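K.L.:
Sequence:
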Amino acid sequence: MYFIVSNTIKSVVEFGTTGILVDIECNITNGLPAIVIVGFANKAVDEAKERVRSAFSSCKLELPRKRITINLAPADLPKDSTSFDLAIAASILLASQQIKESSLSEAVVIGELGLNGSVRAVRGAIGKALTARDLGYKTIYLPKANFSQAMLVPGMTVIPITNLRDLYLDLTSAVPLKKYTSGSAEKQIREPAKYSDFCDVVGQYRAKRALEIAAAGGHNVLLSGPPGTGKSMLAKALPSILPDLSAEEILEVTQLHSLNTRQYDQIITTRPFRAPHHSSSLVSIVGGGQYPRPGEISMSHNGILFMDELPEFSKTTLEALRQPLEDREIVVARARDSLTFPANFMLVATANPCPCGYYGTTKTCVCMPQQIIKYQHKLSGPILDRIDLYVDVDEVKHAKLLGKVTAEPSADIRKRIIASRKIQNSRYKDSTKTNAKLSNKEIKLYAKLSEPAKALLDQAAEKLGISARSYIRIVKIALTIADLDGSENIDTKHLSEALQYRKPAKVSI
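Remember, my numbering sits 1 above the position in the sequence shown when you count from 1.
Check before you lean on any hint, since a few could be wrong.
What the hints assert, rightly or not - Lysine to aspartate or glutamate pairs mimicking EDC-like chemistry, simulated, CA-CA at most 20 Å apart:
#, residue 1, residue 2
1, Lys-375, Asp-431
2, Lys-434, Glu-327
3, Lys-504, Glu-489
4, Lys-316, Glu-327
5, Lys-145, Glu-320
6, Lys-449, Glu-409
7, Lys-442, Asp-431
8, Lys-464, Glu-498
9, Lys-195, Glu-409
10, Lys-445, Asp-266
11, Lys-430, Asp-167
12, Lys-11, Glu-107
13, Lys-61, Asp-167
14, Lys-423, Glu-489
Stated by the list, open to error - Quick list of simulated restraints, FRET-style, between CB atoms:
#, residue 1, residue 2, range
15, Asp-338, Ala-412, 28 to 36 Å
16, Glu-102, Asp-47, 24 to 32 Å
17, Lys-494, Ala-469, 22 to 30 Å
18, Glu-330, Lys-416, 25 to 33 Å
19, Thr-317, Leu-22, 46 to 54 Å
20, Glu-463, Lys-494, 34 to 42 Å
21, Leu-178, Ser-488, 25 to 33 Å
22, Lys-316, Ala-248, 16 to 24 Å
23, Gly-184, Ile-473, 37 to 45 Å
No lab work stands behind these hints: they were computed from the structure.
These figures come from a predicted structure and were not determined experimentally.
Where is the CB? At the ideal position from N, CA and C, for every residue including glycine.
Let the sequences and hints guide you as you build the complete structure.
P.N.:
Encoded structure:
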């Protein structure tokens with residue numbers, strides 16, 4: 002991303018979802034023909050000199066047969082993006098006076114060059130466009146493959162290009178390129194969702210009710226029960242009852258996915274559903290790496306993070322969930338960088354009661370008592386305290402599996418979810434805020450408990466030994482149940498149902 006000021010092209014180097022200005026300077030002097038890139042550039046940036054040299058030749062542009070020095074300042078910040086290619090080429094054209102400085106005085110240029118001069122899609126185009134807009138630049142030249150993403154960022158003039166010569170002809174006013182005014186993500190074609198339907202799950206009415214409450218308020222859920230009872234099927238059906246992404250959410254989700262997936266030129270219009278395997282590494286879950294990128298918890302932002310067999314994940318990974326579950330963001334601190342990625346996700350997890358899965362069921366459990374205790378203690382108290390809803394998924398009678406479907410379809414449940422979300426949006430004057438995101442101060446402001454409900458909650462908290470965090474979370478769940486019921490106040494029935502979903506005590510063997 003690049004801006005020309007005097008004899009310098011301005012760029013933005015990204016750090017997570019933010020960025021800072023970088024000056025791209027070009028100096029052409031007498032000497033042996035060469036292109037030298039300095040300024041803490043990694044190999045991908047340094048190789049740009051070969052791509053630029055070949056692109057100039059393919060597009061029949063004059064590359065000065067002199068010593069060309071490209072400086073990326075400030076030089077103590079690492080640069081690792083191939084999106085500098087087009088800006089480096091533009092800086093050479095500017096320094097050799099093939100184009101005028103005024104042509105790019107208020108514009109941004111991003112793109113990776115191919116050897117034939119073609120301009121390829123780059124990673125993180127939305128983040129670059131957002132940073133440029135925030136810095137006051139309204140025009141952006143970018144690869145045609147990133148055009149649809151840039152159109153999500155309002156307030157920009159977007160100019161798609163296919164090769165280096167297109168940029169040259171436009172900057173010399175020989176053949177002006179067509180300009181587009183960016184619009185809203187609401188105009189994007191939304192892909193039809195392909196999820197399981199709640200009516201496909203036989204029975205499990207209590208679990209379905211818990212997932213409906215979770216979807217309405219954005220709460221975290223833990224489904225516990227023996228193998229084969231439909232826990233995973235229920236979790237995979239949850240996206241079918243969630244409302245569509247808003248324009249702002251589409252922008253956020255697409256930006257994150259463009260940073261960490263190979264389809265970084267696509268627009269994400271459906272809510273993310275990420276299901277990492279329990280053998281996944283810590284870095285893949287929370288994010289990081291040599292050049293930090295978002296992990297699964299950020300890739301599930303505004304969607305669902307499904308962790309099947311939660312106790313099988315490593316203890317380090319589970320404990321790393323503490324901060325994002327509480328703060329709705331993750332801070333990835335490394336020796337080189339410290340980046341913050343959003344992580345506003347719904348955690349949906351499943352667990353068996355023991356290693357074999359049949360403790361407390363009609364089938365015989367083959368686990369030793371110490372194995373059961375050790376398995377259940379894999380989930381620490383602080384992690385369990387951050388889960389809002391706990392549901393036991395019971396065994397289903399075989400005779401009902403092939404019977405006539407009488408369960409409520411997802412479409413009907415989704416209508417209630419949307420109605421509840423509208424109540425919350427109106428209450429908080431925020432189209433993305435749900436009950437699960439409320440702070441303690443906001444709970445006191447918005448949660449109106451009746452006197453009997455308050456007395457019931459205080460009594461239950463004292464008898465059950467509920468922590469202060471769990472106390473607040475119960476109120477949030479009761480508020481969501483009241484919203485589903487269309488009630489302005491939290492009554493005893495709402496609070497009683499919320500208390501049913503608190504975590505059970507550890508079993509004693």
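K.L.:
Check each numbered hint from earlier against the structure, then list the numbers of those it violates in ascending order.
P.N.:
1, 3, 5, 6, 10, 11, 15, 19, 20, 21 and 22
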